[in-house]
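There are 4 protein chains.
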Amino acid sequence: MIKRVGVLTSGGDAPGMNAAIRAIVLTGAAYNIDIIGFRHGFNGLLDDDYQTLLPQHVQNIIQHGGTILKSARCKALHTPEGAKQAAEALQRLQLDALVVIGGDGSFRGALAIAEHYHGQIIGVPGTIDNDVDGTDYTIGFATAIDTALDAIDKIRDTADAFERIFLVELMGRHSGYITLSAGIAGGAEQIICPEFGALQPEDLKTLIAPVQRAQLLRGKSSYIIVVAENSYPGGTTALAEALSTALGIECRACILGHIQRGGSPVGADRILATKLGAYAIEQLVLGANLMMAGEINQQAVLYPMAQTGAKKKQIDPYLVRWQQTIASD
Amino acid sequence: MIKRVGVLTSGGDAPGMNAAIRAIVLTGAAYNIDIIGFRHGFNGLLDDDYQTLLPQHVQNIIQHGGTILKSARCKALHTPEGAKQAAEALQRLQLDALVVIGGDGSFRGALAIAEHYHGQIIGVPGTIDNDVDGTDYTIGFATAIDTALDAIDKIRDTADAFERIFLVELMGRHSGYITLSAGIAGGAEQIICPEFGALQPEDLKTLIAPVQRAQLLRGKSSYIIVVAENSYPGGTTALAEALSTALGIECRACILGHIQRGGSPVGADRILATKLGAYAIEQLVLGANLMMAGEINQQAVLYPMAQTGAKKKQIDPYLVRWQQTIASD
Amino acid sequence: MIKRVGVLTSGGDAPGMNAAIRAIVLTGAAYNIDIIGFRHGFNGLLDDDYQTLLPQHVQNIIQHGGTILKSARCKALHTPEGAKQAAEALQRLQLDALVVIGGDGSFRGALAIAEHYHGQIIGVPGTIDNDVDGTDYTIGFATAIDTALDAIDKIRDTADAFERIFLVELMGRHSGYITLSAGIAGGAEQIICPEFGALQPEDLKTLIAPVQRAQLLRGKSSYIIVVAENSYPGGTTALAEALSTALGIECRACILGHIQRGGSPVGADRILATKLGAYAIEQLVLGANLMMAGEINQQAVLYPMAQTGAKKKQIDPYLVRWQQTIASD
Amino acid sequence: MIKRVGVLTSGGDAPGMNAAIRAIVLTGAAYNIDIIGFRHGFNGLLDDDYQTLLPQHVQNIIQHGGTILKSARCKALHTPEGAKQAAEALQRLQLDALVVIGGDGSFRGALAIAEHYHGQIIGVPGTIDNDVDGTDYTIGFATAIDTALDAIDKIRDTADAFERIFLVELMGRHSGYITLSAGIAGGAEQIICPEFGALQPEDLKTLIAPVQRAQLLRGKSSYIIVVAENSYPGGTTALAEALSTALGIECRACILGHIQRGGSPVGADRILATKLGAYAIEQLVLGANLMMAGEINQQAVLYPMAQTGAKKKQIDPYLVRWQQTIASD
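Taken in sequence, the protein lines are chains A, B, C and D. full-length UniProt numbering numbers the first residue of the first sequence as 1 and each following residue consecutively. full-length UniProt numbering numbers the first residue of the second sequence as 1 and each following residue consecutively. full-length UniProt numbering numbers the first residue of the third sequence as 1 and each following residue consecutively. full-length UniProt numbering numbers the first residue of the fourth sequence as 1 and each following residue consecutively.
Derived from the structure by calculation, the hints contain no laboratory data. Watch out, some of these pointers could steer you wrong.
Since the list gives no way to pick out one identical chain from another, each pair is judged satisfied if it fits inside one copy or across any two copies.
Claimed, not checked - List of simulated lysine to any residue pairs, SDA-like, C-alpha gap at most 20 angstroms:
| id | residue 1 | residue 2 |
| --- | --- | --- |
| 1 | LYS313 | ILE296 |
| 2 | LYS312 | GLY287 |
| 3 | LYS84 | HIS116 |
| 4 | LYS75 | HIS57 |
| 5 | LYS313 | ALA300 |
Throw the hints in and build the complete structure from the sequences for me.
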C-alpha cells in the first residue's frame, strides 16, 4: 500500500511543472499519501535535500513558470554508485514510490535507480521539446510555442516595417517540434529543422530561390525564416551572413534562447500537467511501476518508461507537406 | 473540377478565423482555384458583397483576431426564400463550392442553401465554444481559454491580497467547455457549469460547505468560483449576492463577456485553422460535399455536416471527476 | 536614529505594491534598519500580525501582482480607540517609523494614528486610480491602463468583425484617469467620465449624434465607448440598453471590474515603486514625518500627507480637448 | 496657411509610430489639411512613393506595432543632391510642411532637406532608445522596456529553477536607457551600460565579487546581469564565457535583439504618440518650423530640431545610485 511518495523535477525546466507538482500534492492528500519533494532534481536524493509538501504549499503555484522544487542535471547519477546511493535514500526515507517529472534523459536516470530500489517509479513528461514517446504532448511544449510565437509576431512588425529578412532561431537540438509548430503558426515563409534534413553551405541556393520568387511574385514586404538550433555550420548568425551575401539584402538573425523555457504556462499545459500529475498518483496506487503517465488521443495512458526514447516521434506529415509545398512558395 | 470557391465567416467571431481564411487562399492559389470572400457571413451572398482574395490579401493576418471578412448572424437565411436566394447567388457567380467557417448554427444555414445549390459545401469549425461534434477542438477555443485564464490569474492576485471570494463568469450558454477548462487551468476552487447540473437557490448550501471547509482546513487566502453564463436564476451577480449573504463574507462577481472572443490567436488555434483550412480545399478538390473538416486524434477528418450538432460533446470525464472530488475539496 | 521601521499595504491592492515592499526592505538592509511587515493593512497593527522582512523574503516578488503583506480595509481604525490602539502597537514594538503604502484613504488612517504615535510616518502612493495629489502617478496606474487596453483591443477585434457598438466600463468612481487614458490609448470613439460631467437619460442624444455621424461619414466598422463606473443611472448595462433602443443597433456592455487590479506590474510601475520605496526609507532617515513620497516631473519629492486629497487632480487638458473635439468626431 | 502636409516614418521602427500617424491624420482632417504619407522614410520622397491618408486609412492602427508607412534608412539623403532632390519633391507636391517621425538621425536628414525647402518641417520623436534631447520620453521606449521585461521575467523563471547566472543583452548602442530601466524593473542583480563606463576583461573581478557575495550572504537562487549591447569586447556571449571561467558556474547569454522593436504599443506610448502627433499639426498651423514636438514634465513643448542630439540625455541619477549601491549588493 502506498503511504509515502517522493517527487522531483529534473532536466531543463518547463512551464507547467508547478501545475504537475500541485496536482500530485492535492491528489496525494485525497488518498492520504504523504508527498515528499526533493530539490534540484536527483541531487536532492543524494544530498538529503527535501521537504514534505502539503496542499498549502502548492496554493497559487499553478500559474507560475519554473519549478518550486528547482531542477538540475545530475552527473553523479550516471555512475553506478550514484544510482545506488539515490535508491538507498529512497529506502531510508521509507518512500513507497517516486514520481519523476522531466524528459527522456531524466527517465534514463530513474531507470538506473530502479535497479536498486524496491519501490515503484513513475514518470511525468515535462519538457518544452515534445520529444518524448508515449504522449502526444509534453508539459511545457504548448507554452514554448506561444512564447516563440510572441517573438515571431514582434519580429514580423519590424520586418514588415523595414522590409527585411529575419532568421529566428528556436530551441530543439534533435527535434523540430517547436520550430515547425511555431513556424507554421507564425506564418513563417520558410522553416529549417532537423526533420527536413541538415543544411549545408552548398544548399543555400534552395533557400534563396523561394525568397526571390516571393518578392517578385507576391510583393511580400517581410520574410521570416524559422530555424531550429544547430541547423547550419557556424550557427544561425553564420547562416544569416551567408544569406545576406548571396541575396544582397540584409538578413538578421535573432536567437530566442532560454526565454522559451520560462513564463506562465498556457491553459493547455496547466490542464495536461494537472491530468498527468493526478493520473500518476492514481496509477501508483493501482500498482504501476516503471511507466510514464502520458496522454494519447486526449486519454491518460501508461507507457513503458524504457521506451520513451526508443523511436523518433514523427511530426504531423500533413502540416510538413503543406508547409513545404504551399506556404513556402 | 473545382475552379472557383467562395468562403465566408459566420456566427460569433473566433480567434483563428483569419488563419483559416489565409490557409484557404494560399491552398487555393496552389491549386489554381479562385477564392471569393463574402463579407458579413451569409449576408454577403444575399447582398452581393464580395471580393476576390489573393495571397497578398492574406499576408500578415494569421496573427490577428476577428475576421477580415467580417461576421454576422443572418436572419434572412432562416426563410426558404433566403436560402434559395443565397444558392442562386452562388450559381450566378459560378462558384463550384462554398467554405463556411463557423459553428453548428452556421452549418444549419449552409445545409439550407445546399437544397438549392448544385456545387459542393464544406464546413470549417470556428467558434470559441468547442460545442461542435466531429472535431476534438474548434478554432478559437484554445485562445478563449487563455484569455479567460489571464483574467482569472489577475483576479487571483487581488483575491489573494484581499482574501476575498470571487465569482468569474465565462461564456458558454449550452456548453461548459470553456468554464471547465479555464476553471481547472486557473486552479479554481469550484466550477459551476451546465454539465454539472443547473444550480437553484436551494442548492446554495452545496456551494457553501466547501468554502467554509477550505478556509478552516487549508487556510486558503483566496477562493475563486468559475461559473458558466446562465447557471443561476438572475445571473452571476445574483449568485454572488446570495453567497455573500449566506457566508457573511463579501463575494464579488466578475463577468468576462465579449473579451473572450477577441485577441491574437494562440499557436494551437493558428495551427488548427491552417490545417483545417488547407484540408477543406484539398477535400473539395477530391469531391467532398456537405462535410465538415475536423480534427480527431490529431488527424484531419471529414464529418457529416448534418451531424455536427446531433449529440452533445462530452467533457473529459477524468478531469470532471478530479475537479469534483479532489480540487474542490 | 531610525532602527526599526514597520510597513503595510492598505486599501485596494495595486500592481507594484510588491516592488515597493522589496525596495523598502533592500534599502532598509543597506541602512541597517530592521523592517517589520504588518499583514492585512492596519489590521495587522491591531491583531499583532507581523513578521520581520529580510532581503531573501523579497527575492523574485518585483514581478508579481497583489501584495505579499495582503491588504484590507480596516473599519476599527476609524474609531478613536482603534487609532490609539494602532499607535500603541507601534510603540510596543519599538518601531521608529511606519511606511504606509496605499491611497488617500489609507493616509487618512495613518494621520489618525499619528496623533497618538511618537515615531515618524511616511506614505507611498499605491492605487490604480491615480487620484492622489502630490505625485504625477500612483503605483499601479500604468498597469491598470494596460490591462484595460488589452481588454479594449480584444473587444475591438470582435466589434470590428461584427460591426457592433460596445460600451466598456472601467474603474474610477471619482476620477476619470483610467477611463480617459485607456480610452485615448484604445482609440475609443467616445469617452464618458466624471470630469466630463454626469450623464443623464436626457443627454443620450449628445451621445447618439456622433455615433450616427461616424457611421455615415467615416464608414466606421466598430464603435467603442469607454465609460467610467457610476456614470449613468442604473449603470453601464442600463446605458447600453438605452442606446440600443435609441439607435436601433445592438449595443453591448462589458464591465471590466476587478481584473484591473491584478497582473504583473509593467515597467513604469516597478520603477516608480522602486524609486518611491527607496526614497521613503532614505527620507525617514533624514527625519521626514507625515509626508508622502511622490514623484513630480520625474523627481522624487515629499508632499504633506494631510494634503494628498485636498484638491482634485486635473487630467491633462490638452488630451481632454483633443479627445472631445477631434477624436470623438 | 497650411493646406497640405507630408508625413513619414524614418530610422528604426518603434511601437507607437502608427498611433502618431493616426493622430496626425485625424487632427489634419479636423483642420481641413490634406495629409500625404510617404513610404519607406525619406526614400518615399525620392521615389515618388506616397498616398493620401484619410481617417478611414488609420482606423484600428493605434494598437499595431511597426508602421503602415514603412520605415527605412536612406543613404541618398546624406549627399547634397539627395537632400535637394527630396526638397524638390516636397515643392512639386505643393506640400506646405513635412512631419518626420523618427530619432535624432532622421532629424539630421530633415535639416538637410530644410536648406532647400520653403515649407515648414517638424519632428516627432519615435525611437525605442529614448536618446533624443528635448523630450522626457520618445515614442516606443515604454513598450521596449516592457518587452525586455517580459523576457527578463521568463529568464528569471528558468534561472531560478536552475540556479544559474544569466546575462541578458538589451538594445542601446550609445544609451543605457533601456538597459537601466529594464534592469531595475526586472530586479536585475547587476546592470552594465555605457553610462557606467566601458567594461574591459581586466574589470571582470568587479563583476565577480558581488556575484559571490550574493550567493554566500543572501542565498540567491538566481542571478541576472542585464547588459547593453557593445559593452564588452567580443560581445555578451564572450562576457558570459569569461564569467563562466572565472566563477566556475555556468553563465548563459541571451541576446534579445530585434524583438524589442515590435509589439503592440503599451498605453504610455499610444498616449504620447497621440499627444505629440496632434500637437505637431497644431504647431505647424501656428507657424512652427525646424522644431521637434516633445513632452517635458507632461507638457507638450517645442524644441529646436538642431539640438535634439546636442547633449547626452542623463539617466535618473537617483536610480543609478540606488542600483549601484543597494540593489547590486
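Hint check:
no.: 1; hint: LYS313 to ILE296; in the structure: both (13 angstroms within a copy, 19 angstroms between copies)
no.: 2; hint: LYS312 to GLY287; in the structure: neither (29 angstroms within a copy, 35 angstroms between copies)
no.: 3; hint: LYS84 to HIS116; in the structure: within (6 angstroms within a copy, 66 angstroms between copies)
no.: 4; hint: LYS75 to HIS57; in the structure: neither (29 angstroms within a copy, 31 angstroms between copies)
no.: 5; hint: LYS313 to ALA300; in the structure: both (18 angstroms within a copy, 18 angstroms between copies)
Hint check: violations occur at hints 2 and 4; the rest are consistent with the structure.
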